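Trainee: Residue numbers (the numbering used here), protein chains in the order written: chain A, 1 to 638; chain B, 1 to 638.
Derived from the structure by calculation, the hints contain no laboratory data. There's no promise every hint is true.
Identical chains share a label here; the pair holds if one copy fits it or two copies do between them.
Stated by the list, open to error - The calculated DSS-like cross-link candidates involving lysine-lysine, where the alpha carbons are at most 25 Å apart (straight line), are: (1) Lys534 - Lys591; (2) Lys449 - Lys282; (3) Lys527 - Lys487; (4) Lys62 - Lys117; (5) Lys389 - Lys212; (6) Lys609 - Lys534; (7) Lys570 - Lys389; (8) Lys615 - Lys291; (9) Lys610 - Lys534; (10) Lys509 - Lys456; (11) Lys25 - Lys291; (12) Lys379 - Lys534; (13) Lys157 - Lys486; (14) Lys534 - Lys615; (15) Lys486 - Lys609; (16) Lys609 - Lys570; (17) Lys379 - Lys247; (18) Lys610 - Lys527; (19) Lys456 - Lys402; (20) Lys609 - Lys34; (21) Lys291 - Lys610; (22) Lys379 - Lys291; (23) Lys615 - Lys161; (24) Lys570 - Lys610; (25) Lys282 - Lys576; (26) Lys282 - Lys72; (27) Lys43 - Lys487; (28) Lys117 - Lys402; (29) Lys591 - Lys615; (30) Lys291 - Lys201.
Computed from a predicted structure; not experimentally measured.
2 protein chains.
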Amino acid sequence: MEKMNEIDKITGMEKFGGSPVTFDKIDVTGGFWKEKQDLFYNKTIKAVYDRFEETGRFEALKFNWKEGMPNKPHIFWESDVTKWIEGAAYLLQKRRDTELEAMVDELVECMVNTQDKDGYLNAYFTVVEPGARFTRRTDHELYCAGHLVEGAIAYAKATGKTAMLRVATKYIDLIDRVFRIEYSAAFDTPGHEEIELALIKLYDYTGEERYKLLAEYFINTRGTSSRDETYSFADQEHMQSHLPVRKQVTAEGHSVRALYLYSGMADLALKNKEEELYHICKTLFSNIVNKRMYITGGIGSTHHGESFTFDYDLPEYTAYNETCASIALAMFCRRMWLIEPDSRYADCAERALYNTVLSGVSLFGDSFFYENPLSVNPKRNTFNNSRPKGLQEHLPIMERVKVFDCSCCPPNLLRVVGSVADYMYSTVSDVIYAHCYMNAAGTVLLKDKEMGLVQKTKYPYEGRIEITAQTEGDYTVALRIPAWAKKSEITINGEEITVPVVSGYAYCKRSWRAGDTIVLNLPMEVKVMEANPKVVDLCGRGAITRGPLVYCAERADNNLELRDVRISRKAGFTVKQETLINTEVPVIHTKALVRRIPEQLYLDETVTKKEIPFKLIPYYTRANRGITEMSTWFLLED
Amino acid sequence: MEKMNEIDKITGMEKFGGSPVTFDKIDVTGGFWKEKQDLFYNKTIKAVYDRFEETGRFEALKFNWKEGMPNKPHIFWESDVTKWIEGAAYLLQKRRDTELEAMVDELVECMVNTQDKDGYLNAYFTVVEPGARFTRRTDHELYCAGHLVEGAIAYAKATGKTAMLRVATKYIDLIDRVFRIEYSAAFDTPGHEEIELALIKLYDYTGEERYKLLAEYFINTRGTSSRDETYSFADQEHMQSHLPVRKQVTAEGHSVRALYLYSGMADLALKNKEEELYHICKTLFSNIVNKRMYITGGIGSTHHGESFTFDYDLPEYTAYNETCASIALAMFCRRMWLIEPDSRYADCAERALYNTVLSGVSLFGDSFFYENPLSVNPKRNTFNNSRPKGLQEHLPIMERVKVFDCSCCPPNLLRVVGSVADYMYSTVSDVIYAHCYMNAAGTVLLKDKEMGLVQKTKYPYEGRIEITAQTEGDYTVALRIPAWAKKSEITINGEEITVPVVSGYAYCKRSWRAGDTIVLNLPMEVKVMEANPKVVDLCGRGAITRGPLVYCAERADNNLELRDVRISRKAGFTVKQETLINTEVPVIHTKALVRRIPEQLYLDETVTKKEIPFKLIPYYTRANRGITEMSTWFLLED
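Chain A with its partners taken away, still in its complex shape (with noise of 0.2 Å):
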């Protein structure tokens, strides 16, 4: 019974106490990240950059366009350009480089001279059409201006320049008055989402709380006005503006403007300490992870209205899982943890971010997918392709390209790649939460004192976390054991301890010492899962995974029907080390039944099957060897 109060009160207690502990302390190290980071510190950056200045993107912020002068302003062409500032910043955070800082502050120098003197900034609505400022809802405004925050904050963080944060907060100001004091606009929120967490970063980073102000009343009005218009083809459900935010139990439509909207709405769930808006979102949360999210942690079935669409609705060769969409999955689970810690947010934000999000960038770290299907067949697209526009379906495409028209993925995974290590570390009151394991450095503020942790790891790829403490104190370290991870062993200085563990985190309460050591050793099983029975298009599949790694076959690997391949959970599973392109990761073989290939189409007796070797590797590694069939999901034998 002491021991139950005890846990109450390192959790229960301390509901809506979470600190976060953002990247900014914590320096990754080495290990998968660390290579992650240096791709895209040393390619990916510029490669984004390079395709944006082609396409004009950053040309349009000078306001010069006119009639019939190539690359017309869009109207979301902005956040590009700002999510790549916000990127640059988060590389910059960590290592000073002039060039990469002088790029953005040209880009910073045009903002400054073409925002108007009310604060006003946009393009598309300076120079294209000017008269039509806030008058159309669907037309991203707000959501601009929401990562004209973010990138401002970041940049201001990284190099102490105010001059982009001076140019944000003065358009929110514009946008404050003219939304929630005068009441001007011809709409009352935003038709997609994103500037309400800004806005809770801006309230963060400024303590102004009129910012926080505006972010409520973004929230608290959606879904209650009668002017918010939405697009001739959607409906409100695809803004999510069906209902009011508190009564809205479903993850709805567009999976973006959703998971951004959550988002903000965890914020202020934590920040007011809303049990009612917590339930909402915890409500929210357990339909995406029970009913509506990929294996993969892909969200959005459809690419009609790149949308949700209903419970146990998972297609494979269709399914969107739009890049963006599973990294605002984990900004939700990181949020989520913050308000309380349970260990299904950061099981949930893993598997978005190490299968979907990174599914979105190439092994050479310059091009890109907006959409990551499950499977993918070669044949249905080049069929598909070769029909004339009208009667073609939409697929997703087979290989990552340098640039989308509505290119909002890459400079996003710019995003989440360089402060990765706000996914680390979370306190409540005396307890350090470790989230997600990553071999990383820095500190960790407890009660006013930073306190120093050394992690060192071969996560994902191996199960053996290290943390060191660097510094003495009387604390509770609270690891996140997987749910994937059955039999995880503690050990402290040696020593293997048993302590409580309650709700997915085991609670290392100690007075440590300056080199006290946490060995934490997760079983890295392979595993066979199965999709439960209501999922129609899953159905006695089985789908491969080991540690937070989904595993899929491709044809370049097993020149096989992959779709008719049979694996068993009985046929055992080797794990090797081997270099794929550029990268060496843990490659699965194991032995699957397949049928010879009859000439018939539809036969009464069984086929004969033959074993063969059967080859796996990492869901986010497909697609690096030109187009090939793959699949994830198998035929699964008892």
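Position chain B relative to chain A; hints supplied.
Mentor: Same frame as chain A, now just chain B:
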């Protein structure tokens, strides 16, 4: 050796020697098809008429429409009317009905009155766009002309009245002049094929060589003309004009267009004894049945252009499988068996007729399906219907309707059911081929002598077929042994006999006396069919068939997640005659396995399975009990 020569003599030598035995010589006297014909006579013919009347299709024939009036004539409304007339004529052929005849006469009178002096007849191009006659290939004028011919021949045969036939031949004479002789139309070949086979029918009926010449002209010119445009959204494949017909080796484009064309090609190959054209027809047939046909005989995998897609692409939920396309497939097969007796043709015709075609009409006879998917998921349709138009996907409807905007299927069903005995027999020299088995009596012309034959059977529900010769003579009865019937038995006058079986026909040669009776026993086993491993959508699943009938399960009978039901060949199957709405059908009972429904979406262990009773009904009887989930392909356990 002598035996082989004997077979050669009765088969190989006689290619291109087939003569049809048409339904006017045969009365369906009981059993399966009699029930359908009675229903169609008592209900369907009038139901289709009433809907056509309500929607202005008959009124349009009067050419009274003016801008601003409702029910603007549509470019292919005439074909609806003339197909209805053809269906009515087939019923009138068997039972005089002055009321029904008067209805037709009134329509014919309309045509006589409105036909242009030069022979032209089309409401749309007379009252809506009078200047556009024969200028747009895509606009179905020739298709309508083809159906006018077919309707006119049928009505003349049934009643001896030739007014409609005179209208038709006058129109065809104009078409012949404009297209073939004067070459003055703006295009060369029909955008929607049909007229080719109608012209061959007209040639057969009138003996006028020029009709065959025109059919040849259209078929041979196809794919060679630079004046043959296509839809802006489509391509030449869509209307089978991508290549000259003798270069086409895969079934492409709009499936109804394709199969009407192939039917005309087969007609021509037979008339001209052209080996090359037959070879092409055979190649196209093989491509369809070995790679592009659903197990129900449905063709056209996608609604995009109502068309064929690519080899082994057979999705279940979005299968288009237009009722008309399977009717056209049966028509093609019937032509092919005249060229060369091979049971694959009749197997295919039966597959189409007993499954997809009959699925097109309700058990009540007054409502229809245009699309016949293999599985139905009401949740997906409900969600889809709840979305605004711009965000909807195309899904087949789940309940039959009384009429469609494009209502080709209902009158096509009238035609095929009324004349279904067309599928029973053909002759080659002194061989009577028995293709499809029905309870029917009639005569077959063999070398100028009418041979009486009485067939008694409860087929397709039971496998016993009794054929009694009514006329003495030396001839061969070649009984089709379906591919699904592995161990059939034949007795003559009660004595079991062994006869040569070539290409799926059992040749019973004998000096027949009146009263001699053949009994063919086809084993009606329940079979579990597997699809070729290349069929991505069906891998790991099995479909249940019995005789020519494909079975499906409906949630109305099985309150389960149908998609997760596991069936096994070992489970055993019981067949029971049960009443479904208004019809006695053999229902299949078995034991199946289902998993319990857990809360989680993904699980790392096998979910407990339990055995449940499972009931299947013939596919064609689906969707007669309201909206309900339906599956045809089930998970297959060894």
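Trainee: When the hints from earlier in the document are held up against this structure, which numbers fail?
Mentor: Hints 2, 5, 7, 8, 11, 13, 19, 20, 23, 25, 26, 27, 28 and 30 are the ones this structure does not satisfy, whereas the remaining hints hold.
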